[in-house]
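Asks: Each chain, written out:
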Amino acid sequence: MDKKLTIAELTEGLAQRKGMTKKETDLFVRSVFEIVEQYLVSDRLVKIKGFGTFKLVAVSNRESVNVNSGERILIAGHSKVTFTPDKALADQVNKPFADFETTIINDNVSTEDMERIDTPEPEIAEESPEEAVVVDEIAADDATTPATGNVAANVADTIIEKTAPKEEPVTTAAEPIAESQPETVAEPEVKQEAETEAEAKEAEAEAKVEAETEEAADAESENTPEEEQEVEMPAATETHTEDATAAEPVQEISSSEIPEAIAHQESQPEPNVATQEDAKAIATSQPEAEPQVEPKADVHTASQAEPQVETKAEVRNSNLWKYVSVGIITVLLIIIAYMAGKNGAAPMPESQSEAVAEVAKVEPQVTDTMPAKKAESKKENESKKEKDVEQDLPQLEDGEYLIVGTDETYVVKRGDTMSKISKRKLRHTHLYKYIEIYNGISSRELEAGMEIKIPKLKKKEDKKSE
Amino acid sequence: MNNKEFLAELSSRLNMNAKTTGQIMTALNEEITSHLEEEDSISIQGFGIFEVKKKLERVLVNPSTKQRMLVPPKMVVNFKVSNVLKDKIQDL
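Here the protein sequences come in this chain order: U and X.
For the first sequence, this note's numbering assigns the number 1 to the initial residue and increments by one for each residue that follows.
For the second sequence, this note's numbering assigns the number 467 to the initial residue and increments by one for each residue that follows.
Calculated directly from the structure, the hints in this document are not laboratory data.
Since the model is a prediction, treat every value here as computed from it, not as a measurement.
Every residue, glycine too, gets a C-beta built ideally from N, C-alpha and C.
Be aware that a few hints might be false.
With a cut-off of at most 20 Å between alpha-carbon atoms, the simulated DMTMM-like pairs for lysine to aspartate or glutamate come out as follows [what the hints assert, rightly or not]:
(1) U:K413 - U:E447
(2) U:K55 - U:D107
(3) X:K540 - U:D99
(4) X:K519 - U:D99
(5) X:K520 - U:D91
(6) X:K532 - X:D553
(7) U:K47 - U:D86
(8) U:K425 - U:E400
(9) X:K532 - U:D107
(10) U:K55 - X:D553
(11) U:K95 - X:E517
(12) U:K80 - U:D107
(13) X:K552 - U:E37
(14) X:K540 - U:D91
Taking CB as the label site, the calculated pair distances span [claimed, not checked]:
(15) X:N544 - U:Y338: 50 to 60 Å
(16) U:R424 - X:I515: 53 to 63 Å
(17) U:K420 - X:V550: 34 to 44 Å
(18) X:M535 - U:V59: 23 to 33 Å
(19) X:Q511 - U:K80: 12 to 22 Å
(20) X:Q533 - U:S69: 34 to 44 Å
(21) X:N481 - U:S42: 14 to 24 Å
(22) U:N61 - X:E504: 36 to 46 Å
(23) X:Q533 - U:P96: 36 to 46 Å
Bound-form chain X, shown alone (with noise of 0.2 Å):
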């Protein structure tokens, strides 16, 4: 399902035309973005929490040609699926 038919399914199920759906989207990937931004998590129940954890830097070893490369630390945001979820999933 790319974007496109997830905004077209939201839209008909909130009753909403497309073009608005759209602009709330964008305003909750914003909020979504701003809270993460500031090393918030999010939890939503029965789905999972998103979270931002710090990677540190590393020694990377290319093991063909054997050259070392050092990675900078880095901050990543981490999806955690709710247990919930987890068991709804797993047999599929």
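Here chain U stands alone, though its shape is the one from the complex (with noise of 0.2 Å):
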């Protein structure tokens, strides 16, 4: 498989079948070669049978763009050769897909979701907890891809640190507590359903964990322990209290759970997130299956920080709408978001991808949806405002324009391209790039339904018109 060979292999080969020596079956296979390549000189078309024709097709002349200056230039004539298989040939190396046939597909048969095949399916509403466990693998084994679960734990370590201080002082309290909560609350406690549950997903968890502690070590090797030990920590009694009192939005409340939500990024299971939000869920009488959902788009958040997956989130979320608690959160919330985003200025992309999850993450535990989404479009406008500062009239540097300003706004058809958009817009494909700088966005985000803005070009001044 995917070796490569070469003349010395197919020799050898050759010489075991024939019973030849290899310089005989060297000579034979080199001058093979050597025929067809002077054949191909003289007669431009040289066939073998089983083999392949080998033809000399002239190329004739064209004109192309200089990708890097955009110049016109003039590809001459040439000629190339072709090789086509023998269909013995080409058969025989078809061999695994030669069962299929072109088909004709139905005119009500969409062929969209053939190119979305990777991205995740929010839909899973389930209540059955063997599903649920299946969403929670899913989730652990997405937070188990080593880089974001490394940087993701670093970042959060940095949060916990300052966040902690500046809380009120429960939140000292709370870091163990986030830890030991989904065990403690659900064993004692809650009803007998909700302790099973728990305690399977307690179990897969810190298998999890254990796993994980293997591949992420530095991170992780602190918290699992602490996990372990903690389980059984008088902390859990106050997690009780608070939980009872859940329904109203205590300061208290929202500043331990912020903690917990980073607690869990810090150690990574993310099943535990699971569990511990069905042990909150039941303690304040909500459906199980809304905060099962949950943990698999905020672990898509974490690591991945898709902004899509957070409006799913934010979708699912307004099913939870009915357990609002508004007020006062809201503005923790926003403090949170803005203390992430200040803390992470260094390191942008994870920072703002840990806030955004971050947000995800007290959303569902707080089920309070309105000032989490609040938080979220607030960032969001924030580093949009942040581009717009740093890409004001952004430049191709080597290009042959200047970009003076913006001379229409596109909404992003089906179909389109950037070099489809900047044939039609820029009269030419190959400007395709101001574009892509201008917005700041590359040709593989493109998406139907974006608005773009194009650029209005001028030309540098010492190169002449087209």
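Two chains, each in its own frame: build the complex with the hints.
Replies: Next comes the structure, spelled out in structure tokens:
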């Protein structure tokens, strides 16, 4: 498989097949290709039965454009060799797929799904524990991707350090609480169903955590022992009381919950979030399905920071709207988001995703959507502003044109590519770079419905017009 | 140049009779085919590389009827000309 063979291996195989010496077969193989080359020049076509046809094809002159400067250049006509494999060879190679045939797609079949297999499905709102476990597993899998895991852990560390002193004194107690919560809350107080479920997940979560400690050693090594040791800590009682009062949004609760979210990011066992939320959900007599789904979304925001997933989480949260306990938490969340943004000023992308993830995590626990949304949108606005400031009329350095302003805005349609838009709006496909740079997006991020700005271009002085 | 001419040229070059040349050529074809079947690539110095490429399935639209068709994935033999040969035949 995927070996790169040379003439030597070919002659060896041939020698074995025909009982000839390697020298003979080597000469044979070499002369075969020599002849092909020679007669390709004279006859322009060499046909070998069972192998294929070599052909010399003339390529006529064509105009092209220099990728860097945008100048037109003429590519001179030349000849090139083409090889068409013989049907026998082609069939033999295509054997694994020989059974497939081209089929006509009916009009009502959508092919859009085919391109979007990799995006996560948010619509899993099962209530059965098994399926929830599956979701958790997915979540845990995502969380274990070492790169994001480590970075997230580090950033989360710093966030904890900085938020802890600034918040209410409760926060210091909250850290251990966060870790001990899933087990302690679930076991003694909550109804029996919840117990079994939580236990199952707990076991799983622990297994996961252990697996993770091997993978991402430094960040987790501190946290896993903690988790196991502090399971039966007295802190549990505190959390119980807090849970009992969870309906009324007291400041302590929210402040204790924030480190929870962070603590989870730190230790990364996402399943814990699920158990925790389960326990909480039951304590506040909520339907279980919603908190179970949310960890998934959380993890995605944590690991990938995809804006799409965020919105999905939002959509899901709107189901929780009924349980909203509006008010003070808004302010808190905004503060937190702001602080998180401040903390992560140096490593921008991570900290941002972190902050978003944090917000997303706090959401389900507090069962309050609006403030979270606000905080998120605020964050987005902030980042947008930053972008605007940074890229105020960005320029393509070695380009022919200067961007002097926005010509118009354009809503991307389905099937549009950067070059198509460029061709239509700027008259040349190769100018798409300007659109990319002006909007600060790459062509891969282009999506239907997106609104992009078409730059107004002005020729740099010394060059003559097209 | 067709297969017959090719074999004649080959046998005269190697001082073999036409029959054995044909047999060895068939064996060589089988050898190459068997390697390509395993997705190995065969590089012939100064000539080029034969390799197998996997083409993904795709949706094809007939421009006149607007009918969409699903083309299955397939494996194809690809020949990449070496630079040496490319330069030689460039001006022909």
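Asks: Run every hint past the structure and note whether it holds.
Replies: Hint check results:
1. Under the criterion of a C-alpha separation no larger than 20 Å, the hint pairing K413 of chain U with E447 of chain U is consistent with the structure, at around 8 Å.
2. For the given pair, K55 of chain U sits about 40 Å from D107 of chain U by alpha-carbon distance, which is inconsistent with the 20 Å threshold.
3. Restraint check for K540 of chain X and D99 of chain U: satisfied, since their Cα atoms lie roughly 10 Å apart, inside the 20 Å limit.
4. For a cut-off of 20 Å, the pair hint linking K519 of chain X to D99 of chain U stands: about 18 Å separates their Cα positions.
5. Only pairs whose Cα atoms come within 20 Å are accepted, and K520 of chain X paired with D91 of chain U is accepted, the gap being roughly 13 Å.
6. For the proposed pair K532 of chain X and D553 of chain X, the alpha carbon gap of about 42 Å is over 20 Å, so the pair is violated.
7. A hinted pair counts as satisfied when its Cα atoms are at most 20 Å apart, and K47 of chain U with D86 of chain U qualifies at roughly 9 Å.
8. Taking the CA atoms of K425 of chain U and E400 of chain U, the gap is about 17 Å. The hint holds against a cut of 20 Å.
9. Simply put, K532 of chain X and D107 of chain U have alpha-carbon atoms about 10 Å apart, close enough for the 20 Å limit, and the pair holds.
10. This hinted pair checks out: K55 of chain U and D553 of chain X have alpha carbons roughly 15 Å apart, not beyond 20 Å.
11. Proposed proximity of K95 of chain U and E517 of chain X is supported: the alpha carbons are some 15 Å apart, at most 20 Å.
12. Note on K80 of chain U and D107 of chain U: the hinted pairing is violated, with a Cα-Cα distance of about 41 Å set against a maximum of 20 Å.
13. Taking the CA atoms of K552 of chain X and E37 of chain U, the gap is near 11 Å; set against the 20 Å cutoff, the hint holds.
14. Of the supplied pair hints, the one linking K540 of chain X and D91 of chain U holds, its CA atoms being roughly 10 Å apart against a limit of 20 Å.
15. Look at N544 of chain X against Y338 of chain U: about 56 Å separates their beta carbons, and that is inside 50 to 60 Å.
16. Between R424 of chain U and I515 of chain X the CB atoms are about 40 Å apart, so this pair departs from the stated range of 53 to 63 Å.
17. Distance hint for K420 of chain U and V550 of chain X: a CB-CB separation of about 39 Å, consistent with the stated range 34 to 44 Å.
18. In this structure the supplied range 23 to 33 Å holds for M535 of chain X paired with V59 of chain U, their Cβ-Cβ distance being about 30 Å.
19. For the pair Q511 of chain X and K80 of chain U, the supplied restraint of 12 to 22 Å holds, since their beta-carbon distance comes to about 19 Å.
20. Range check, Q533 of chain X to S69 of chain U: Cβ separation about 42 Å, and the 34 to 44 Å hint holds.
21. Distance hint for N481 of chain X and S42 of chain U: a CB-CB separation of about 22 Å, consistent with the stated range 14 to 24 Å.
22. Against the hinted window of 36 to 46 Å, the Cβ-Cβ separation of N61 of chain U and E504 of chain X comes to about 41 Å, which satisfies the hint.
23. Hint check: Q533 of chain X to P96 of chain U, Cβ distance near 27 Å, so the stated range 36 to 46 Å is violated.
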